[in-house]
Every structure is written in C-alpha cells, then in structure tokens.
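With chain A held as given, fit chain B onto it using these hints.
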Amino acid sequence: MKRVGFTLNGKTTTCDVEENELLLHTLRERLSIASVKEGCSIGECGTCTVLIDNEPCYACLTLTAKVEGRDVLTVEYLAHADLLHPLQESFISHGAVQCGFCTPAMLLVGYSLLLKHRQPTDEQIREAMSGNLCRCTGYVQIIEAIKDAAPVFIHSGS
Amino acid sequence: MLPPFSYIAVHSKQEALTSLASLAGAALLAGGTDLLVRMKKGETHRYVIDLTGAAELSGVKDRGGTLRIGSGMTHARIGAHPAIAKTCGGLAAACSAVGSPQVRNMGTLGGNLVNASPAADSIAPLLVHNAVVTLESIDGMRSEKLERFITGPYRTTIGKHEILTSVEADTLAGYNEGYRRVAKRAGWAISRLSLAWALNDADGVFKDVRIAVGSCTPVPFRPREAEAFLAGKGRERPVVEEAVKMVLDEIRRISGMRPSFAYKLPVVRDLLLSVLGGDSCS
Chain A
41 MKRVGFTLNG
51 KTTTCDVEEN
61 ELLLHTLRER
71 LSIASVKEGC
81 SIGECGTCTV
91 LIDNEPCYAC
101 LTLTAKVEGR
111 DVLTVEYLAH
121 ADLLHPLQES
131 FISHGAVQCG
141 FCTPAMLLVG
151 YSLLLKHRQP
161 TDEQIREAMS
171 GNLCRCTGYV
181 QIIEAIKDAA
191 PVFIHSGS
Chain B
21 MLPPFSYIAV
31 HSKQEALTSL
41 ASLAGAALLA
51 GGTDLLVRMK
61 KGETHRYVID
71 LTGAAELSGV
81 KDRGGTLRIG
91 SGMTHARIGA
101 HPAIAKTCGG
111 LAAACSAVGS
121 PQVRNMGTLG
131 GNLVNASPAA
141 DSIAPLLVHN
151 AVVTLESIDG
161 MRSEKLERFI
171 TGPYRTTIGK
181 HEILTSVEAD
191 TLAGYNEGYR
201 RVAKRAGWAI
211 SRLSLAWALN
221 DADGVFKDVR
231 IAVGSCTPVP
241 FRPREAEAFL
251 AGKGRERPVV
261 EEAVKMVLDE
271 IRRISGMRPS
281 FAYKLPVVRD
291 LLLSVLGGDS
301 CS
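If you're matching them up, the sequences are chains A and B in order. Residue numbering for the first sequence follows the working numbering, beginning at 41 and increasing consecutively. Residue numbering for the second sequence follows the working numbering, beginning at 21 and increasing consecutively.
No wet-lab data here; the hints were simulated from the structure. Hints are not guaranteed to be accurate.
Unchecked claim - Below, computed lysine-lysine pairings styled on DSS-like, alpha-carbon distance capped at 27 Å:
no. : chain 1 : residue 1 : chain 2 : residue 2
1   : B       : 180       : B       : 165
2   : A       : 156       : B       : 106
3   : A       : 42        : B       : 33
What the hints assert, rightly or not - For each label pair, taking beta carbons as the anchor points, the in silico distance ranges come out as:
no. : chain 1 : residue 1 : chain 2 : residue 2 : range
4   : A       : 72        : B       : 85        : 52 to 58 Å
5   : A       : 56        : B       : 244       : 55 to 61 Å
6   : B       : 290       : A       : 41        : 55 to 61 Å
7   : A       : 132       : B       : 35        : 48 to 54 Å
8   : B       : 82        : A       : 140       : 45 to 51 Å
9   : B       : 290       : A       : 155       : 38 to 44 Å
10  : A       : 158       : B       : 23        : 41 to 47 Å
Stated by the list, open to error - Some chain B residues well away from chain A (every beta-carbon gap over 12 Å; in silico):
no. : residue
11  : 42
12  : 56
13  : 79
14  : 105
15  : 222
16  : 227
17  : 257
18  : 261
19  : 280
Using N, Cα and C, we set each Cβ at its ideal position, and we do this for glycine too.
Bound conformation, chain A alone:
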C-alpha cells in the first residue's frame, strides 16, 4: 500500500492505495465517486475523464500514485447542494443527457474548455469533445449545451 495525498474537488484527500491502482478505481471504490465511469478501459471512450490541474485526463490510464499533490476534479465539483451548475442546466435543457453514461465526462470536458475560452467556437467545442464518445445524442445537443452555457459560465467551488 502507498499513501497518496491530493486535492479532490477542492478538498484535501489522503488515501491508502495499491501501487498498481488506477485513479478510476480509487475514485469509484475507495472514495465512492461513481460518476467516473469505466467504459473501454484503454483510453478510447473518454467516460473515465477527470480534470487533473484543470486538464482532461483518462482516469483509466492514470496511476493513483501519479496524482500525488495534484488537483483532481470530478463532476461532483460542479453542483452545490441542490443547485446545479449552469453547464449542467444547459445540458438538461438541450436534451444533451440521454442514457447519461458519457455525461459526467462531457460536462468536465466542457467545463475545462470554458475555463480557457469564455466564448468557444463550434470548432473548439468539437475539438475539446473529440476524445469522448456519446452513442445516444449524436453530439449536436452537447455542442449546443456547451455553447449556450458560455455566457452564464461561472467557476464552481471557489
């Protein structure tokens, strides 16, 4: 076992993990963060995406030991109590959530993009989403949801 300390959704977190443990499993099984999904497990589908220092990364290909001292965000960071983040509201109003399996990762990718580009172009949104598969929506609703959330985008947490 190895003790790893990192910031998870703004809170200092310490966790004892196996040396070969993946962040995906630490989050899901030790920290009860089930929003991070296991899809393909080889870094192709994007459903396990988390933000590490605000950049999208695959949790299925990240050793937990590697996030020592880093800042990790999952979709739980976005909402506060019963109040959803404007990006989440926008996903709902655009019908961008269907089966929901890709949604937490899509929200994080959108959030990360909006941190960098307050008024992203369609091209930038498509590029940001290109590592995340959705088999329900056909993507258009997700692109529209991110675009429409841009004017009311606010940092979560703080």
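Only chain B this time, still in chain A's reference frame:
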C-alpha cells in the same frame, strides 16, 4: 486491473537513471497512454519508474540553430509552445493532431518516440528537422539521429538502462513547413498516412526541400533522392511530378506492394503534388 508492480516516483533525472540501472525488470512511465494499455493486456514489470517528477525532462531551450525539447513535454504543451510553433511548426501541428485531447494532455514526446509506432505523428516532422535524440544512462550520454534511432516498427536502439532525455531539432527560419495527416476521422484516429514538409524556395526555384512520409513504410522516412532532385530546380509541374514519382518508387522499394497501397499511394501523390506544387502547379 493492472498486474502488480512496485511504483517508484523519482524527483530528478539522476534518480531516474540510478533507479533504472539498479532495478532489474523496471519500466519507465511517462504519460502511460502506451505502457499502461500494454500492461492491461498482460505485459508485466517488477518496477514502474514514474518520470513525471524529473523536472529536467521538461522544457524547451533555444540553442541557436536548434531547439532542444525535453522528452517529458506532453503533446499538448508542444502544440501550444510559441518557440516550437515559430521554428518547428510541423511538429507543433503534428503534436496537436495526436490521439485525443486527453492523450495529448498525458502522452509525451519521449514516449511517442520510444514507442516508435510507424504511425506516430511526431516522427515525420522531426525527421524534417534532422532531429537528434539524446539518450542517457548512469554510464554516460549519447546522441543519435532519430532516423537511426528507430530501426523498425516499435523498435529502437534504446538500451536497457537508457532514458531518452531530449530531442534536438533544427530550427528552420524562412521555410514553409507543415504537417498533414489522413485518418478515418480528425479526432481520435490513428494516422493512415502522414506527410511533413519544409520548403525553402525563392523566385520559383527550390533551394531546399525536406519531406517525410509517415504511416506508409515500417518507419517514417525521408525520400532523399527526390529531395536532392528538387534542389535548385524550378517549381514547375513536370519537375514536381518527376519528384513525386521518385517518392512513390522509393516507397515501393522499401515496402514492396501492399494491399493498402491501392489507397495510400494515390493519397501520397496528391498530398505531395499539392504541397510541392504550390500555386504554380494547381
């Protein structure tokens, strides 16, 4: 789930070199986008040495005429780096085309080169820039031309105790350079074919032409005969067509005829015609 191993995080290059030399059965971990996928498929290592903490492997230095790029630089950082965009534009474009945004945030240049996939995006533009890799071990340091370092698909000359620490690439001022790839889709697809180029021409005459073709032969390559043929010649359709024919002949000579060539060779031809031909040939 990954097979068991002992995880070692190093905090300097020296510590990485010492660990690699002293631990039998150790693998180096950079971004993890190749190593961990292979380990999920059953590859085992007793130790995994995480290079992330070795700050010396990061960063870019302008050394006057060449750019030294740390092997730990991620594709995303290379794609966004102003000095690389300015004097090594093809590499910036290629790194921005690798895999997906997540892969670009995780995967590193060193990892891409050591993995040595025939479809690795970074190789062709680096060949155009006459890249030289630096390999270090506790016994010393050596430099090797990238085109000699990669000996075949997924094969390099790297020694068991060596780490690829940096890549040095010629800066090319006054060249028109770029990178184009053809894949099933733009995002998250492996290059079916790629072309990197740097052209220096004036008054309709080629001064220096550098081309590298990727995803076509076992190792991305520079068609030197065609490059030499073009130097000093006018940028005219018959000249360009002759050079393109030389490139296609060389591909056939290296690889023999392959089923995929019915598709690939016409694509190489058209890409080259549009890149080399410029306005004069369109």
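Status of the hints after comparison with the structure:
1. Under the criterion of a C-alpha separation no larger than 27 Å, the hint pairing residue 180(B) with residue 165(B) is consistent with the structure, at around 19 Å.
2. Note on residue 156(A) and residue 106(B): the hinted pairing holds, with a Cα-Cα distance of about 22 Å set against a maximum of 27 Å.
3. The straight-line distance between the Cα atoms of residue 42(A) and residue 33(B) is roughly 23 Å, inside the 27 Å bound, and the hint therefore holds.
4. Evaluation of the 52 to 58 Å hint for residue 72(A) and residue 85(B) yields a pass: the beta carbon distance comes to about 55 Å.
5. The given range of 55 to 61 Å is respected by residue 56(A) and residue 244(B), whose C-beta atoms sit roughly 57 Å from each other.
6. A C-beta distance of roughly 57 Å is found between residue 290(B) and residue 41(A), which places it inside the suggested range of 55 to 61 Å.
7. At roughly 49 Å, the beta carbons of residue 132(A) and residue 35(B) sit within the given window of 48 to 54 Å.
8. For residue 82(B) paired with residue 140(A), a C-beta distance near 48 Å keeps the hint of 45 to 51 Å intact.
9. Take residue 290(B) and residue 155(A): their Cβ atoms lie about 40 Å apart, and the range 38 to 44 Å holds.
10. Checked against the hint of 41 to 47 Å, the C-beta distance between residue 158(A) and residue 23(B) comes to roughly 44 Å, which is consistent with it.
11. Every CB of chain A is more than 12 Å from the CB of residue 42(B) (nearest about 18 Å), matching its label as outside the interface.
12. A beta-carbon of chain A is positioned within 12 Å of the beta-carbon of residue 56(B); the least distance is around 5 Å.
13. The Cβ of residue 79(B) sits about 17 Å from the closest Cβ of chain A, beyond the 12 Å cut-off, so the non-interface label holds.
14. Listed as a non-interface residue, residue 105(B) keeps its Cβ farther than 12 Å from every Cβ of chain A; the least gap is roughly 17 Å.
15. A cut-off of 12 Å between C-beta atoms confirms that residue 222(B) is not in contact with chain A; the least separation is 34 Å.
16. With a least CB separation of 35 Å from chain A, residue 227(B) remains clear of the 12 Å interface cut-off, as annotated.
17. The beta carbon of residue 257(B) is kept farther than 12 Å from every beta carbon of chain A, the shortest such distance being approximately 34 Å.
18. Here residue 261(B) stays apart from chain A, with its beta-carbon at least about 35 Å from theirs, past the 12 Å limit.
19. The beta carbon of residue 280(B) is kept farther than 12 Å from every beta carbon of chain A, the shortest such distance being approximately 22 Å.
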